Amino acid sequence: MSEEGLVMTSRDLNPDYYEARRAGNAVQHYINTLYGSPFRLYSVTQVHKARTEAMADTGMKYFLEFSVKDWVGESSEWHGSVEVLYPRGETQAPPQVQGSWGGLPQLNISAKEQEFYQRYSAADSSVSGKDIPDSYGNIDREMKPFWHLARVAASFVMLNESNENTLYNMAQVAKITQLETQDDQLRFDYEVLLHNMVSQEIIRWKLLVSWSPAGGVKVLETELLPRCHCKSPTQ
Amino acid sequence: CVKDLLWYLFGNLLLLLQISVWMKQMEQDHPDVVSSMIYGTTYEKRNITLLKIGLNSTLPKKAIWMDCGIHAREWIAPAFCQHFVKEILGSYKTDPKMNELFKNLDFYITPVLNMDGYIYSWVDNTTRLWRKSRSPGSDGCTCFGTDLNRNFYANWGMVGISRNCCSEIYNGHSPLSESEAVAVTDFLSANRDQLLCFLTIHSYGQLILVPYGHPNISAPNYDELMEVGLAAAKAIKAVHGVDYTVGTPPDVLYANSGSSRDFARLIGIPFSFTFELRDKGDFGFKLPEDQIQPTCEEAYQGAMSIINYVHDKTFPILTLYGLTTVQGKTVTCL
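These protein sequences, in sequence, are chains A and B. Counting in this note's numbering, the first sequence tops out at residue 298, every number present. Counting in this note's numbering, the second sequence tops out at residue 389, every number present.
Keep in mind the hints are simulated off the structure, nothing from the lab. Certain hints may be false.
Unchecked claim - Cβ-Cβ distance ranges computed for the label pairs, FRET-style: (1) A:K193 x B:S193: 33 to 43 Å; (2) A:R151 x B:D150: 35 to 45 Å; (3) B:G145 x A:V190: 38 to 48 Å; (4) B:N154 x A:L97: 55 to 65 Å; (5) B:N219 x A:L242: 33 to 43 Å; (6) A:K193 x B:E344: 15 to 25 Å; (7) B:A293 x A:E178: 35 to 45 Å.
What the hints assert, rightly or not - List of simulated lysine-lysine pairs, BS3-like, C-alpha gap at most 25 Å: (8) B:K158 x B:K100; (9) B:K79 x A:K112; (10) A:K193 x A:K269; (11) B:K141 x B:K158; (12) A:K112 x B:K117; (13) B:K100 x B:K148; (14) A:K132 x B:K289; (15) A:K269 x A:K281; (16) A:K132 x A:K207; (17) A:K132 x B:K141; (18) B:K158 x B:K79; (19) B:K100 x B:K152.
From a predicted model like this one, the values you see are computed outputs, not experimental measurements. We put the beta carbon where it would ideally sit given N, CA and C, even for glycine.
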């Protein structure tokens, strides 16, 4: 083996196994931060091929071929390829994702977005809600776009928190409160519960989120909330 | 609220009262094949009950074990156990294959193993995502609960656990510190010669997991377990097109130790599987009502695929020509 071979070891991965799944999960969050909306949300449906390569100084790089679709709009599946670099280091830093997304299905949602925007940018609009979905998995039809929006916003955090030992999904929206529209952006205070499959922990985050059809989803502030150490109810 | 009623009607498992009422109902409706057994108690002193289902026999019978709801928040699991019971009871009189299973096997089915945790998860919205048991912490730790699926005497404490009692994967003060894990351990140990198959039902992830949770330990029949698991995944996919991935936890999910599935395999129960039902994270633990029925239907086919394999392997059918037939394939001359 050459000296270069010793430094940069490339390894084929089983695309169904945990490494490829976790990397695919990070890619899903990344795509949603770029293209997610109250009316568009992507899911990586499958990883087809995966390879990993240790990048001597920078970290661990994953090369994936995968399928993804917008499941809100029920788009067709798109087959893409991507590189995910998990940086080396002791402190958490988000993976760097590189891909070309020109072929990603982006169904026309401008009419829906405009209608939604018009409706909730009215001066007296003050949407609020909690526990979405409820304990039984129900979501009011009217709240669905807010749930999608929460998942997009949560994707920013989930991406930031992703590393080779995480697999994040948003478990629920604990709270949503609409704030005053500012600079033509709808603004919301969200409290979301994230589930990390690997540790099985539920992690609570407070997010200040803005959105408009033109501005897209922006996460302005994030705050990690302390664990709820709920006491046993007296019986 | 109408939606609550819908869940209740569909899943029909609400609280402790409803669970025991339902189990009593099954016994009353099918007294010739159903009996219940209390085989342990929870921390909060609730009974842990299973349904024993099968045609009566004077001789000891081989058996299949199924438990649901070892993790409280995985509500689809107890719903599945209920669906499974309903399906087998509804078909054993008319379906000759099921009748044969009832003749040769007993099903031991625990609809809700972690009773304390499950009831706690129904208290309100702040408790919905509870996972563990409800025993108090020890050694000054103020949090509650042990992860029952890390508490078994199967490489306990080796990997995939936390020693912090506030963690969701806290494996307990010591192995079998939890009475729920003791109940299962005692039953499996007492019946290990009868038990052919151990199925434990969880959510979410759409996985069929084979032993072991430790990356460096392989089950002696790994190849066969994978073959049977893959056949089950195929049977699942045939129902509604949903993909389930098959493998050991270190391969497809994460390493862990102290699981009930590993304990079952370690004491010699040859076919031991964990089912992780729908979905893959969109709703996670809070699977919507319209997915309960399809999830149960597909998982049922997956479970029956395994059970039929295990049965046919143990009770091969002799044909006229003296050939042994296993699962319809001629195997060998006697």
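Hints, one by one, checked against the model:
| no. | hint | in the structure |
| --- | --- | --- |
| 1 | A:K193 x B:S193: 33 to 43 Å | 34 Å, holds |
| 2 | A:R151 x B:D150: 35 to 45 Å | 58 Å, violated |
| 3 | B:G145 x A:V190: 38 to 48 Å | 46 Å, holds |
| 4 | B:N154 x A:L97: 55 to 65 Å | 57 Å, holds |
| 5 | B:N219 x A:L242: 33 to 43 Å | 36 Å, holds |
| 6 | A:K193 x B:E344: 15 to 25 Å | 20 Å, holds |
| 7 | B:A293 x A:E178: 35 to 45 Å | 41 Å, holds |
| 8 | B:K158 x B:K100 | 35 Å, violated |
| 9 | B:K79 x A:K112 | 51 Å, violated |
| 10 | A:K193 x A:K269 | 13 Å, holds |
| 11 | B:K141 x B:K158 | 18 Å, holds |
| 12 | A:K112 x B:K117 | 43 Å, violated |
| 13 | B:K100 x B:K148 | 37 Å, violated |
| 14 | A:K132 x B:K289 | 23 Å, holds |
| 15 | A:K269 x A:K281 | 14 Å, holds |
| 16 | A:K132 x A:K207 | 18 Å, holds |
| 17 | A:K132 x B:K141 | 36 Å, violated |
| 18 | B:K158 x B:K79 | 22 Å, holds |
| 19 | B:K100 x B:K152 | 39 Å, violated |
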